[in-house]
Amino acid sequence: MTLAPFVILLLAALVGYAINLRAARAIRYGGSRLHSLQGFHGLFSLLLVIVPVLTLILVWLAVEGGIINRILLSSLPDGVLDGLGSGAIQLIGAEIRSIAGGRVFGTPEDWKLEAAERLITYREISSWLLVGVVGAVSLGLIYFARSRVAAEFRARQRVETITLGLMVFCAVVAIFTTIGIIAALTFETIKFFQLVPITEFLFGTNWEPQIPIREDQIAAEGAFGAVPVFLGTIVIATVALFIAVPIGLLTAIYLNEFAPGRLRKIVKPVLEILAGVPTVVYGFFAILVVAPALRQFGESLGLDVASNTALAAGGVMGIMLIPFISSFADDALSAVPRSLRDGALALGATRGEMMLNVLFPAAIPGIVGGVLLAVSRAIGETMIVVMAAGLIAKMTINPLDSVTAVTVQIVTLLIGDTAFDNPKTLAAFALGMMLFIATLVINVFALRIVRKYREIYD
Amino acid sequence: MNDMRLTERNMTDHKIKMQARGVDVFYGHDQAIKNVDVDIEDNTVTAFIGPSGCGKSTFLRCLNRMNDTIDVCRVTGDIRLDDEDIYDPQVDPVQLRAKVGMVFQKPNPFPKSIYDNVAYGPKIHGLATNKAELDEIVEKSLRRAAIWDEAKDRLDQPGTGLSGGQQQRLCIARAVATNPEVLLMDEPCSALDPIATAQVEELIDELRERFSVVIVTHSMQQAARVSQKTAFFHLGELVEYGETSQIFTNPQDTRTESYITGRIG
Ligand SMILES: Nc1ncnc2c1ncn2[C@@H]1O[C@H](COP(=O)(O)OP(=O)(O)O)[C@@H](O)[C@H]1O
Ligand SMILES: [Mg+2]
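Chains as they are written, first to last, in the working numbering: chain A, 2 to 459; chain X, -12 to 252.
It is possible that some hints are incorrect.
[Said to hold, decoys possible] Below 25 Å or equal to it, Euclidean Cα-Cα: the simulated DSS-like pairs (lysine-lysine) are: (1) X:Lys93 x A:Lys453; (2) X:Lys118 x X:Lys93; (3) X:Lys86 x X:Lys110; (4) X:Lys99 x X:Lys110; (5) X:Lys86 x A:Lys453; (6) A:Lys425 x A:Lys192.
Hints listed in this document are in silico derivations from the structure and should not be mistaken for laboratory results.
All figures in this text were calculated on a predicted structure; none of them were measured in a lab.
The task is simple: from the sequences and hints, build the whole structure.
Structure follows, in structure tokens:
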């Protein structure tokens, strides 16, 4: 039954299209010159039907439930809701709905059964009403669109305007969603800072986000000094970049200048595949292969290596970032005009000298942009660190020690049943906010560098 | 010095600097140059003219082995510089290019300072042992390229900030700085306005005193103005080669005549 309005809409749109097409064609065969091609007259009708009617259907479906619920509650026998809080009233509504859906638990009161039957009727009425309204509005719009068909009617411009409007709408939706997310994040963060002073969060060195469950529990107050958490992310990201940047750059340089064409044709797609490996797979790789290997190796040297070291997590993250950096650097190197290569070679530079003295410096801004984007990916990366890094926040920069990361803490803070008003949960939003600010700043910076660099050679 | 004796404007008496015999060039399976023989004389400006796509640039790039950098390109035949086969496996193209400099169609200064642009060649070839020597080479080269006066106060500013004509003269200075024996120029004025073109043409005439200059041009007036020898290429063949004055006044081949009178090209 929910499908019916959509089917009607589709049919109406197609009918409108066909009617206008035929009408326009008739005018043309009648000897007049159409301003717009006949297809645009058809499209005009199609869009004119689809856009408003689809909006109508979606809005209807969105508000239907609430309205029916209100009618239902007001139709309940007098007195049954007296003295109940809004939570209890919601519960009754839910019970009636589940009875209407055929899921009856125990033996509900008679008035609930009656209400359930009424609910079913209301819903049916609403569906039929929707079908009727959709049909009527569609017909009206088809008629209107048909009445506009004329030799001089500017159907193409109309279609373009409507399409443009749709595109603007989509863009606006994306932007507003982002703004909404930021707003929610900010809101929760502010709430957190009302409970925990911002200075403690930013400068405190003790991170123990446990909150006593019972009043009398001794498990302390919970400490929210985020410095060790940030430090953990920094250590892991640094390890990752120490691996990814040199290897990625050398790969790019080799592929770009020295690799024979055939090898390049093989390696480039392989790197791109590597970039598409889900991070959870890298996480497995980190715990199952890299971490044990590191541990064994460390023990053979007599070093004390934790089982979930920053080195393992960061190292695997570095491997994940290699294709990212190398493809960025490769693009940057390829964007250096051929004339500069030729200029250097014609002076008697070797390919190595040309790469080192001319191509690489010219490509540096692009490369730096790529590295910065890699940094923001490294600090935002979640799955690998959740799997391979530790949970306990430690004030250490030793990569052989177990450290935690911002994303790991966000995940653990939000796991499990926690109310949204205790500092433990809110701390996750504050951490998320910090992460967001950091990546935003880095990305803006990176994109600006990349763009500036593009301007030089276009 | 040897050079000094050769600066007299006696056109027939110059020694042969580069000699090409039976040169064929292929791009994959397409032959771009067919059996070309040419003698490039010292202290002479030799112009390559011909309709576009006839292979002038391709042949020019054979003379400093820049074609080596194009994967699909294959060069056969014999090209000699001072009687030494430049395609001999013993010859290092890197050293050859220091001796046979090149200036390109579009000015291509490196995104470095003016000073560094000119100093780059001498640096990689170790031509200067200290900063003072390097400074001297840079100044001399910029003077030779007739851009010293414009550039001397802004040596540390990027070469890319100069005007098109200045950039091209900077590129000439850069090429001259490695002390080459032959200077190849591929349509060096085609991206320049008439005034800059006139400056570069004047410069080319001066460069002849020290180098053997080969210039590709699509402008016949330019060939007539700057060159002593002219080679006319057509469809990959060298149709006619001789004194510029003779090519333009009394061409032997009908194709040359049609081209210079504007019927083909
Ligand atoms: N890099 C290349 N790859 C393949 N073919 C080329 C390449 N460069 C030039 N050619 C071909 O060689 C021929 C001669 O080109 P070119 O030497 O540039 O002519 P010109 O400089 O006289 O205009 C043309 O047919 C051109 O298409
Ligand atoms: Mg050319």
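Hint check results:
With a CA separation close to 23 Å, the supplied pair lysine 93 of chain X and lysine 453 of chain A stays within the 25 Å bound. With a C-alpha separation of about 30 Å, the suggested pair lysine 118 of chain X and lysine 93 of chain X falls outside the 25 Å cut-off, and the hint is violated. Between lysine 86 of chain X and lysine 110 of chain X, the direct Cα distance comes to roughly 15 Å. Compliance with the 25 Å bound is thereby established for this hinted pair. For the given pair, lysine 99 of chain X sits about 14 Å from lysine 110 of chain X by alpha-carbon distance, which is consistent with the 25 Å threshold.
For the hint pairing lysine 86 of chain X with lysine 453 of chain A, the CA-to-CA distance comes to about 37 Å; that exceeds 25 Å, so the pair is violated. Between lysine 425 of chain A and lysine 192 of chain A the CA atoms are separated by roughly 12 Å; this keeps the pair inside 25 Å, and the hint holds.
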